[in-house]
Amino acid sequence: MSENNKGISRRDFVIKGTVATAGLAAASVFVPATFAIGAQAKVKVGILLPYTGTYAKLGTNIRNAMMLRFSEAGNKLGGRAIEFVDIDSEAKPAKAQQLTEKLIKKEHVDFLVGPVHSVVGMAMVKMARGDGPITVIPNAGANQLTGVLCAPNVFRTSFSSYQMGFPGGSAMLEDGHKRVVLMYWNYGFGKQVAAAFKKSFLPGGGTIVEEIPTPFPKVDFQAYLTKLAALKPDAVYTFYAGGGAVKYVKDFAAAGLKKSIKLYGAGFLTEGLGAAQGNAAEGVRTILHYADSLDNPANIHFRSAFKAATGVQADVYAVQGYDAGELILRGMNAVQGDTGARAEMIRAMETSVIDSPRGKLSFSASHNPIHDIYLREVIKGENRVIRVAAKEQDDPATGCTMT
Amino acid sequence: MELSFYLVQLLNAIQYGFLLFLVASGLTLLFGIMGIINLAHGSFYMLGSYLAYWLTGVTGSLWLGILLGLPIALAVGYLVERFAISFLFKLDHLYQVLLTFALILVFNELQQILWGTDVHSVPIPAILSGSFQLTENQSYPVYRLFISAACIALAGAMYWVIQKTRLGMTIRAGASNREMVQALGINVNRLFAFVFSMGVGLAAFAGMLAAPIDSVYPGMGDNVLIISFVVVVIGGTGSIKGAFVGAMLIGLVSTFGKVLLPEMASVVVYALMAIILLWRPQGLFGKVA
Amino acid sequence: MADVILKTDRLSKNFGGLIAVNNVTLAFERGQVHAIIGPNGAGKTTLINLLSGDLLPSDGAILFNGRNITSLPPHKISQMGIGRSYQKTNIFTEFSCFENCWVAAQSRINTSMRFFRAARHLKSVAERTEKALELCGLSQRSDSRASAMSYGEQRQLEIGMMLATEPELLLLDEPLAGMGSDESLQVIELLRRLAVDHTLILIEHDMDAVFSIADRLTVMVNGRVLETGTVEQIRNSQAVQEAYLGVEEDAV
Amino acid sequence: MTSRTRNLSLFMALVALVLFPLFGSSFYVGLVTRIFIVAIFALSLDLLIGYTGLVSFGHAAFFGIGGYALAIAFQDAAVIHIWQALPLSLAAAGLAALVVGWISIRTSGVYFIMITLAMAQMFFYYFFESSRFGGDDGIFLFFKPVLMIGSEDILKLDHENNFYYFALACLVSGYLFLVMILRAPFGKVITAIKANEHRVRALGYSTNGYKLVSFVIAGTLAGLAGFLEGAHTGYVNPSYMSWHESGVCIAIVILGGMGTLYGPIVGAFIIVLLQNFLPELTGHWQLLLGGIVIAVVLFLPRGATSLFPRIIAFFRSKQKIDPKGPTDG
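Protein chains in written order, with my numbering: chain A, 1 to 403; chain B, 1 to 289; chain C, 1 to 252; chain D, 1 to 329.
Worth flagging that the hints you see were computed from the coordinates, not collected in a lab. Only a predicted model underlies this, so the values are computations on that prediction, with no experimental measurement involved. We treat Cβ as the ideally placed atom computed from N, Cα and C, and that holds for glycine. Be a bit skeptical, because a hint or two may be false.
[Unchecked claim] Below, computed lysine-lysine pairings styled on DSSO-like, alpha-carbon distance capped at 30 Å: (1) C:Lys76 to B:Lys90; (2) A:Lys105 to D:Lys144; (3) A:Lys259 to A:Lys218; (4) D:Lys194 to C:Lys131; (5) A:Lys232 to A:Lys92; (6) A:Lys92 to D:Lys144; (7) D:Lys156 to A:Lys106; (8) A:Lys218 to B:Lys90; (9) C:Lys76 to D:Lys194; (10) D:Lys194 to A:Lys105; (11) B:Lys287 to D:Lys194; (12) C:Lys88 to B:Lys287.
[To be verified] Cβ-to-Cβ under 7 Å is the rule here; a few derived chain C residues that face chain D: (13) Pro74; (14) His75; (15) Gln79; (16) Asn90; (17) Phe92; (18) Glu94; (19) Val103; (20) Ala104; (21) Gln106; (22) Ser107; (23) Asn110; (24) Met113; (25) Arg114; (26) Phe115; (27) Ala119; (28) Thr228.
Whenever a hint applies, use it, and build me the whole structure from the sequences.
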C-alpha cells in the first residue's frame with residue numbers, strides 16, 4: 001500500500017467523494033443494468049452500512065476509510081472507474097434481506113461491502129454466497145459468517161467473535177486474574193464472545209465465578225453491578241459496545257468498583273468512546289486487533305490521511321473499512337478489472353498479505369482475517385498497547401466446508 | 001447473598017422507581033386530563049437528555065443547562081400541542097396512537113439532524129460527584145441520591161399543587177369529568193396546552209436529571225416510553241398516586257427480576273402488568289369505566 | 001294467586017355511600033302493564049338496569065318465571081325473553097334502520113357464530129326484522145340511515161329493536177321522553193298494541209299516558225317502594241299524594 | 001363509489017397484478033410479493049380495528065409467531081412441506097391469539113391498547129432473550145417450502161415468480177375469506193359491536209365471545225402473513241414482533257382506509273413503496289414518513305381510499321355522461 005502513497009489532500013478527497021456520490025445518484029437512474037465487462041463499464045460497488053441508528057458512526061467511518069483507500073488508488077479498480085451504490089442498512093436485521101436484494105437484483109453490483117451488524121450480515125451473506133457478488137464484510141463478527149455460512153466469494157476484514165473473546169481469557173490469566181465474572185449483552189455476538197473467552201480461560205486454570213448476561217440493548221446496569229460487587233471477583237470480563245459501553249464504564253466507576261475489581265473487555269468497551277467515558281475509563285483493559293497508538297508506518301500514514309480526509313480520528317472500524325478497500329483493489333488489480341475472472345480474483349484476494357494499519361493481515365481458508373490481537377489499557381484517555389495478547393490469531397471456522 | 005446485598009438492591013429499585021415516576025406522572029396527567037395517549041412521551045425524555053447534554057456543553061454547568069433547557073422543552077411541548085395534539089381530542093384513541101407514533105419517527109430524525117448519532121454523556125456536577133461507601137467494596141454515587149431527593153421533592157410539590165391549589169382543583173375536576181371543566185367557565189384550550197407542556201416538562205426534566213447517570217444516545221426515549229406506559233396502566237390512568245405506586249412496583253419487580261430471574265428479566269415486568277389487569281382491568285387506582 | 005312473571009326480593013343497589021335502590025320487593029304479573037313512577041333520582045332507572053342485568057345488585061334476588069336470574073349478564077337475561085329499551089336513544093347510528101333491527105332479530109337464532117353463508121339468507125331473521133319494523137311503524141324507513149332519522153323515529157326504532165328480539169317481558173325506560181305530542185300518541189298506541197300479548201314494565205313521567213295504559217302502578221321515592229297497587233289505589237293513596245303526586249302536579 | 005365500480009376496479013387491479021411478473025424484473029416481483037405479505041397482515045388488523053372496534057397495539061406478535069413456528073419446526077429440515085408448515089404456523093398464531101385475546105378482551109379502551117402491547121412485548125422479549133430460539137439473532141431457514149403430492153413437486157417456492165403467485169393467492173383468499181365472514185351472521189355481530197357494544201349485549205349477544213373469535217381469526221391471518229414473510233426471506237427474528245411493527249401496521253390500515261377491505265391493501269402498497277423509495281431521496285426519510293402519517297391523520301382520517309369516491313365523483317361531474325347521474329355508494 002505504501003507504494004501508491006500519494007498523500008492526497010483533504011480537498012482532493014472530498015471532491016472525488018462528491019463526484020462519486022453524484023455519479024451514484026445519476027447512474028442508478030440512467031445507466032441500464034448490464035453485465036458488460038470491459039474497460040469502459042464502471043465497477044459497481046454496493047455498500048450496505050448503517051448511517052442512522054446506534055451504529056451510524058461505525059458505518060460512516062467504514063465507508064469513508066474505504067473511499068479513502070480507493071481515492072489513494074486513483075478511484076480505479078483494475079483500471080475501471082467505480083460507481084458506488086450506497087444504502088443505509090439502519091442496522092435492522094428485518095430489512096437486511098430486502099436491501100441486499102436491492103443491491104444484488106436491482107443494481108447488479110459487482111462487489112458488496114457491509115455490514116456492521118452481525119445479524120444483518122447473516123441475512124446478507126445468505127443471499128450473496130455462491131453466485132452473488134464478491135462480498136467483503138468490514139465489521140460484523142458473527143462466527144457463522146466465515147463458519148457455516150462461509151463461501152468462496154465471502155471475505156471478512158474485521159474479526160470473528162471467537163477472535164474477540166478467545167485471547168481475552170489467556171490475557172487475563174497472564175495478568176494474574178483467576179476468579180472472574182463474565183458480563184455481556186445477551187445476544188448472539190455477546191454470547192459468542194463469552195463462549196470463546198471461556199475456551200481459553202477455563203483450560204488455563206481460571207474460574208468463572210458467575211456469568212451475568214444482561215438484556216440487549218438495555219443500559220440499566222445498576223442491579224447487575226450490585227450483584228457483581230457482592231460476588232467479589234478479582235476481575236470482570238465484559239462485552240458491551242456503543243451507548244452500553246459508555247454507560248457500563250461510567251456506572252462501574254461510579255459504584256466504586258474500580259478499586260477492588262479490575263475491568264476487562266472486548267475492545268469495543270473503550271474503542272472510540274474516550275470523550276464520552278472520560279476519567280471513568282482510565283485503567284480499563286481491553287483486547288482488540290487494533291490500537292490507535294500502533295507504531296507502524298501503515299498506521300501512521302493511515303491515521304493522518306483519514307484525519308485529513310474526514311476531519312475525525314480514525315478508529316478500528318475505519319481500519320477495517322480501509323482494509324476492505326485494499327482487498328477489493330488487490331482482487332481487481334490481479335484480474336485487470338475483469339470481473340468475469342471470478343476464480344482468479346478470489347484466489348488473489350484470499351492469498352493477499354496486507355500491510356494493514358493493524359499490522360500484518362492475512363486470510364484463513366475460510367476467508368477470515370488472521371492478525372495479532374493486542375492487550376490495551378486506557379491511559380490518559382488513549383488506548384495504549386500493553387502487549388500482544390495473541391500472535392497471528394486464527395479462527396476455527398466451525399462448520400465451514402472450505403477448510 | 002447477604003442482607004446488605006438485598007438492601008442495596010432495594011435502594012436501586014427505589015431510585016429507578018422514582019425516575020420512572022417522574023416520566024410516568026406526566027404521561028398519566030396527559031391521559032387523565034386530556035384523554036390523550038401520548039406515545040411521543042419518550043421522545044420528550046430524550047429531548048431533555050439531549051438538551052442537558054447540549055446546554056451543559058455550552059454553559060459548562062448542568063444546573064444552567066436545566067435552567068435553560070426546561071423553557072425550551074416547555075415551548076416544544078406547547079407547539080406540539082397547538083399544531084398536532086389539539087386536533088386529536090375529538091378523534092378516537094386509534095388516531096392518537098398513530099399520530100404520536102408518527103411523532104416518534106419525526107423526533108428521532110430531528111434528533112439525529114440536530115445532534116448526530118454519537119453516544120454522549122453529561123458530567124456529574126462537581127458538587128454532587130462524590131460517593132459514599134455502601135458495602136465493603138461498593139459505593140453509591142451521591143448524584144443518584146440527589147435524583148431520588150429531587151423526585152421526592154417534585155412528587156411532594158405535585159401532590160401539593162393537585163390537592164391544595166385552585167389549579168389542582170381544576171386538574172382534578174378535568175380528570176374526572178372533562179365536560180365539567182368547561183361548565184366551570186375555564187378555558188379548556190388554555191388548560192390543555194398548559195397541562196401538555198407540563199407533561200412534556202416532566203418528561204424532559206426526568207431526561208435532564210438522568211442524563212449524567214445515563215448515556216445520551218439516539219432512540220433512548222423508546223426504552224423509557226413503553227415501561228412508563230406499563231407504570232401508568234398498572235396504576236390506573238389519570239391517577240398520580242397510581243403512577244407512584246406503579247413506578248415503585250415496576251422498580252422493585254424489574255430490579256429483583258434481574259437478580260432472581262435473569263433469564264426472564266424483561267418478561268416479568270409485562271407479566272406483572274398482565275396479572276394486575278386481569279385482577280383489576282382498570283388498574284390499581286383507576287376509576288371503573 | 002295471580003300469575004307472576006317477574007319478582008324482586010329485597011333488591012338493593014348502592015353506589016359507594018348512595019343507596020339507589022333500597023330493599024325493593026315487587027311482583028309483576030303476566031300480561032299486565034306495570035308502570036313505575038316517582039320523582040327524578042327515585043331509583044327507577046337503576047331498578048330497570050338491575051332487572052336487565054346492566055347493573056349487578058348489591059343485595060337481594062330477581063326471579064323470572066320462577067328462575068333466579070340475579071347477577072346474570074345482560075345477554076343471558078335478554079335471551080330468556082326480557083327485552084329493554086333505553087331512556088337515551090341507544091341504536092347503531094351508522095346502520096340503516098333495517099340493519100338495526102336485523103342485528104336484534106339475529107340474536108334469536110341458535111348462534112351467530114356462523115361464518116360461511118351470507119346472513120341475508122336467514123329467512124327467519126328476515127321475517128322477524130320485517131315484523132318488528134312493521135309493529136313499530138318504520139317499514140317505510142327501512143333503508144334510511146339511523147342517524148338521518150328524526151328523533152321520534154329513532155325512539156320508535158329503539159322499541160323496534162327490542163321487539164325484534166321477540167321478548168316476553170318488555171322493560172321500557174321512558175319511551176316517550178322528549179317526544180312531541182303527535183309522536184307520543186303514536187307510541188302510546190304502539191304500547192297498547194304491545195300490551196295485548198306482552199308484559200310491560202314501564203317507567204314514564206307523562207302521567208296522562210301512564211294512567212291511560214297502566215294496569216298497575218308502583219311509586220318509588222328515594223330508592224324505596226312507597227306504594228304499589230292498581231291505578232285507582234294509587235290515585236287515592238294519601239302517602240302518594242303527599243310524597244309525590246302533589247309535587248308532580250305542582251310541577252305540571 | 002358504487003359496489004360495481006369498486007368490484008370492477010378490484011378486478012382490474014387483480015388482472016394487472018397477475019400479469020405483473022411477465023414484465024417486472026425479479027427485484028420488483030420480490031418487492032410486490034412483500035407488499036402482498038404486508039397487505040395480508042394489515043387486512044388481519046383491519047378486522048380488529050376497522051370492523052370489531054378492537055384497537056390492538058400488539059398485532060405484530062402473531063405475525064412473528066407465524067414466522068417463528070415455521071422457523072422453529074423446520075430450521076433443520078431438508079424439505080419444508082407447505083401442508084405441514086402452513087397449518088402449523090396458523091395454529092400457533094391462532095393459539096397465541098386465543099390466549100392473548102382471552103386475557104385482553106376483559107379490558108377496553110386504552111387498557112385494551114396497552115394490554116395487547118404488553119402481551120406482544122412479552123412475546124418479543126421471550127424470543128429476544130431465549131437462547132433456544134436464536135435470541136436477537138433470529139433463525140435462518142435454508143430452504144423454501146414446497147407443495148408435494150407423493151414425490152411430485154406441485155409448487156416450489158424457491159422461484160420468485162412462484163412465490164409471488166402463492167402470496168397473491170393467499171392475499172386473494174384472505175380477502176375473500178373476510179368478505180365472506182363479514183357478510184355472514186358473525187360479521188353482522190362484530191360490526192354492531194364496533195358501533196355500540198353495550199347495545200349488542202343488551203340484545204342478547206355474549207359480545208366477549210364474538211370479540212375473542214374475531215381476535216383469533218385476525219391473529220391466525222397475521223400468522224399466515226408471518227409464515228409467508230419467514231418463508232420468503234428465509235429468516236425470522238424478534239423484531240418481527242416489535243411494537244414498531246404493530247405501529248406501522250396500524251399506520252398502513254389507517255393510511256389506506258380502515259373499515260374497508262381494499263383500504264389496507266392500498267395502504268400496504270403506499271407504505272412499503274415509501275419505505276423502499278424514500279431512502280433514495282434522503283437519509284432522513286423517516287422524517288418524511290412521519291410527516292406523511294401525521295398529515296393523513298389530520299387531514300384525511302378516513303384514509304387514502306376515501307379519496308377514490310371523490311375523484312370518481314369529480315370526473316363524473318366533469319363528463320356528465322352517466323345517464324343515471326352520480327350514485328352514492
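Status of the hints after comparison with the structure:
At roughly 34 Å between alpha-carbon atoms, C:Lys76 and B:Lys90 are farther apart than 30 Å, so this suggested pair is violated. Between A:Lys105 and D:Lys144 the CA atoms are separated by roughly 19 Å; this keeps the pair inside 30 Å, and the hint holds. Proximity of A:Lys259 to A:Lys218 is assessed by CA-CA distance (about 26 Å); at most 30 Å being required, the pair is judged to hold. Between the alpha carbons of D:Lys194 and C:Lys131 the distance comes to roughly 26 Å, so the proposed pair stays at or under 30 Å and holds.
A distance of roughly 38 Å separates the Cα atoms of A:Lys232 and A:Lys92; the hinted pair therefore is violated under the 30 Å criterion. At most 30 Å may separate the alpha-carbon atoms for a hinted pair to count; A:Lys92 and D:Lys144 meet this at roughly 23 Å. Pair hint D:Lys156 plus A:Lys106 holds up; C-alpha atoms about 23 Å apart against a cutoff of 30 Å. Between the alpha carbons of A:Lys218 and B:Lys90 the distance comes to roughly 37 Å, so the proposed pair goes past 30 Å and is violated.
The hinted pair formed by C:Lys76 and D:Lys194 meets the criterion: a straight-line CA distance of about 20 Å does not exceed 30 Å. This hinted pair does not check out: D:Lys194 and A:Lys105 have alpha carbons roughly 45 Å apart, beyond 30 Å. A hinted pair counts as satisfied when its Cα atoms are at most 30 Å apart, and B:Lys287 with D:Lys194 qualifies at roughly 23 Å. For the hint linking C:Lys88 to B:Lys287, the alpha-carbon distance of about 23 Å falls within 30 Å, and the restraint holds.
Annotation: interface hint on C:Pro74 holds; nearest CB of chain D at approximately 5 Å, less than 7 Å. Annotation: interface hint on C:His75 holds; nearest CB of chain D at approximately 5 Å, less than 7 Å. Taking 7 Å as the C-beta contact cut-off toward chain D, the hint placing C:Gln79 at the interface holds, the least distance being around 5 Å. Proximity of C:Asn90 to chain D holds as hinted, the smallest CB-CB distance being about 5 Å (cut-off 7 Å).
Taking 7 Å as the C-beta cut-off, the interface hint given for C:Phe92 holds, the closest approach to chain D being about 4 Å. Hint status for C:Glu94 relative to chain D: holds, with the closest Cβ pair at about 6 Å, below 7 Å. A hinted interface residue such as C:Val103 counts as satisfied when its beta carbon comes closer than 7 Å to some beta carbon of chain D; here the least separation is about 4 Å, so the hint holds. Hint status for C:Ala104: holds, given a least beta-carbon distance of 5 Å to chain D, under 7 Å.
Hint status for C:Gln106 relative to chain D: holds, with the closest Cβ pair at about 6 Å, below 7 Å. Given the 7 Å rule on beta carbons, the hint for C:Ser107 holds: about 4 Å separates it from the nearest Cβ of chain D. Taken as an interface hint, C:Asn110 does not check out: its beta carbon lies about 10 Å from the nearest beta carbon of chain D, beyond 7 Å. Residue-level restraint check for C:Met113 holds (minimum Cβ-Cβ distance to chain D is 6 Å; threshold 7 Å).
Against a cut-off of 7 Å between C-beta atoms, the interface hint on C:Arg114 holds, since the closest Cβ of chain D lies about 5 Å away. Annotation: C:Phe115 was flagged as interfacial toward chain D, and the flag holds, the nearest CB pair being 5 Å apart, inside 7 Å. For C:Ala119, the interface hint holds, since its Cβ comes within 7 Å of a Cβ in chain D; the closest pair sits about 5 Å apart. A cut of 7 Å between beta carbons decides the hint on C:Thr228: the least distance to chain D is about 26 Å, and the hint is violated.
The structure does not agree with the numbered hints 1, 5, 8, 10, 23, 28 stated previously, though it agrees with the rest.
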